[in-house]
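Participant: Chain residues, written in single-letter form:
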Amino acid sequence: MTAALTRSLFALSLLIALMLQIVALPDALAALRPMWVALLIGYWAFYGPNLPMTLIAFLTGLACDALYNTPLGQHAMGLILLAYALTRLRSSLGLFPLWQQMLTLTPVWAVYALLQFWFDGMARHSAEPSLRFLPIITTVLFWPLVCSVMDALRGPRGRP
Amino acid sequence: MARSRRAAQPLFPRGPGLGFRTLLLLVLSFGLWFADQRSPDLLLQVRGGIQWLLQPVQWLAAVPQGVSNATAGVRSYQSLLSENRQLKEEQLKQQARLLRFAALEAENRRIRQLLASSSALEEKVLIAEIVATSQDPYRHQISLNKGEKDGVYLGQALVDAYGVMGQVIRVYPSGSTAMLITDPGHGIPVEINRTGLQTIARGGGDGRVLTLPFLPGNADVKVGDLLVSSSLGGRFPGGYPVGEIFDVRRTTGEHFMQASAYPAARLDQGRQALLVWSQRPEPVEAPAEAEPAAVPPASPPKANKP
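In the order they appear, the protein sequences are chains A and B.
Numbering-wise (my numbering), the first sequence opens with residue 41 and increments by one.
Numbering-wise (my numbering), the second sequence opens with residue 275 and increments by one.
What the hints contain is simulated information worked out from the structure, not anything from laboratory work.
Any given hint might turn out to be false.
So the derived label-pair ranges between C-beta atoms look like this [as the list claims (entries may be wrong)]:
id	chain 1	residue 1	chain 2	residue 2	range
1	B	S350	A	W139	41 to 47 Å
2	B	Q360	A	V189	47 to 53 Å
3	A	V189	B	L318	35 to 41 Å
4	A	A51	B	G322	21 to 27 Å
5	A	L154	B	L318	26 to 32 Å
6	B	L372	A	F157	53 to 59 Å
7	A	L69	B	Q365	37 to 43 Å
8	B	Q365	A	L193	56 to 62 Å
9	A	L69	B	E364	33 to 39 Å
10	B	P330	A	P92	19 to 25 Å
Predicted, not measured: the structure shown is a model, and the values here were computed from it.
Where is the CB? At the ideal position from N, CA and C, for every residue including glycine.
Using the sequences provided together with the hints, build the complete structure.
Facilitator: Here is the structure:
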């Protein structure tokens with residue numbers, strides 16, 4: 041897969057993630073909605089080519105903030121930290137089997153969700169705690185799925 | 275650490291390192307967050323711009339819901355038709371029913387008007403202020419601030435919120451005197467509410483008690499029976515509470531028994547009383563002058579008068 045195609049796939053996947061993040065779901069399912077944007081930023085930081093992931097995380101975070109109507113910068117901070125952590129972890133975890141990665145990355149998603157919860161609390165906008173922590177579980181479970189789908193889309197030589 | 279840095283970054287990195295960039299962006303976004311948090315108007319333009327850019331995403335996100343809405347609309351078209359027909363039938367039925375109710379309502383209004391006029395006739399009342407009470411312990415009388423000018427007449431009944439208080443015995447141009455039912459010279463025709471037995475309750479003289487003398491020996495009277503006023507004497511409006519029996523005495527060898535009752539009205543409390551116009555005020559005026567004590571068997575109390 042050429043670099044240009046990879047970049048367009050990258051942009052498209054982020055847009056789809058943003059869309060999935062705000063698409064209307066029944067209330068019971070909406071509480072379990074995975075953190076799609078975080079998953080995709082994580083995937084591209086972990087497996088992607090050398091992209092300026094922190095900057096991209098910053099811009100995507102601003103987009104999330106605009107979509108969710110949170111104070112600008114709230115999701116940005118979380119995503120920047122996430123991108124940084126996964127860029128750092130790629131060399132040590134990159135060769136792990138997928139299920140071990142899945143388990144090892146759990147604290148990363150938890151920290152991301154916790155940050156959002158914390159910022160919500162500081163903005164005096166206290167959400168139901170379960171709404172912040174249920175997505176951690178689904179995000180952990182969706183990590184292998186997202187990785188497999190993206191790898192398949194990028195073709196056999198896609199991964200470095 | 276060195277290994278991971280090499281793997282993550284190009285061999286000869288230019289510009290600031292990953293950690294520094296992360297820190298820079300974190301500080302930048304925290305600044306944004308802080309500013310937005312403090313004064314949301316400041317970054318309104320920026321937010322609006324981002325939202326404008328993301329409009330396609332929002333449209334796309336709204337597609338699934340739109341599709342499901344559309345299919346729901348298509349599916350229920352037939353059912354809408356049948357539902358519409360059903361509702362029309364229902365509405366027709368309700369309309370017919372409503373017409374009947376309108377007639378009933380008009381009838382009800384006419385009957386109510388009749389009722390209201392009759393009850394108004396019966397219940398003409400006037401609030402009178404109690405301006406003085408008699409200090410003589412054997413004379414339970416009160417002075418009222420309503421007199422002839424207000425249409426008060428001799429023998430007019432006086433009630434309060436709880437029961438019958440007494441009757442008017444003297445009328446002045448702008449005031450009147452009333453005798454309370456506990457006055458020893460007062461008697462009131464009463465009916466025992468439970469059985470309908472007609473009798474007379476006389477004032478006990480001590481200000482707290484009514485006595486019912488000369489009850490037949492086999493009369494059905496019990497402690498707790500409610501006495502209500504009877505309109506048989508022609509002076510009091512019927513049906514107002516007068517008192518409650520607390521004692522029934524049978525004296526051996528006597529033909530009659532005697533009962534005692536507490537008055538229902540709060541005779542020694544309050545500063546207002548209600549003057550009641552009963553239905554027949556006319557016949558009272560002529561004979562009342564002769565006999566202020568008002569009720570037929572009023573002979574024994576006369577002995578009490580000083």
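Participant: All hints, please: hold or fail.
Facilitator: Hint-by-hint comparison with the structure:
1. S350/B <-> W139/A: 41 to 47 Å: holds, 46 Å
2. Q360/B <-> V189/A: 47 to 53 Å: Given range 47 to 53 Å: holds, Cβ gap about 49 Å.
3. V189/A <-> L318/B: 35 to 41 Å: holds, 38 Å
4. A51/A <-> G322/B: 21 to 27 Å: Roughly 22 Å apart at Cβ, these two residues keep to the hinted range, so it holds.
5. L154/A <-> L318/B: 26 to 32 Å: holds, 29 Å
6. L372/B <-> F157/A: 53 to 59 Å: holds, 57 Å
7. L69/A <-> Q365/B: 37 to 43 Å: Holds - the Cβ-Cβ distance for L69/A and Q365/B, about 40 Å, lies within 37 to 43 Å.
8. Q365/B <-> L193/A: 56 to 62 Å: holds, 58 Å
9. L69/A <-> E364/B: 33 to 39 Å: For E364/B against L69/A, whose Cβ atoms are near 37 Å apart, the range 33 to 39 Å holds.
10. P330/B <-> P92/A: 19 to 25 Å: This hint holds: roughly 24 Å between Cβ atoms.
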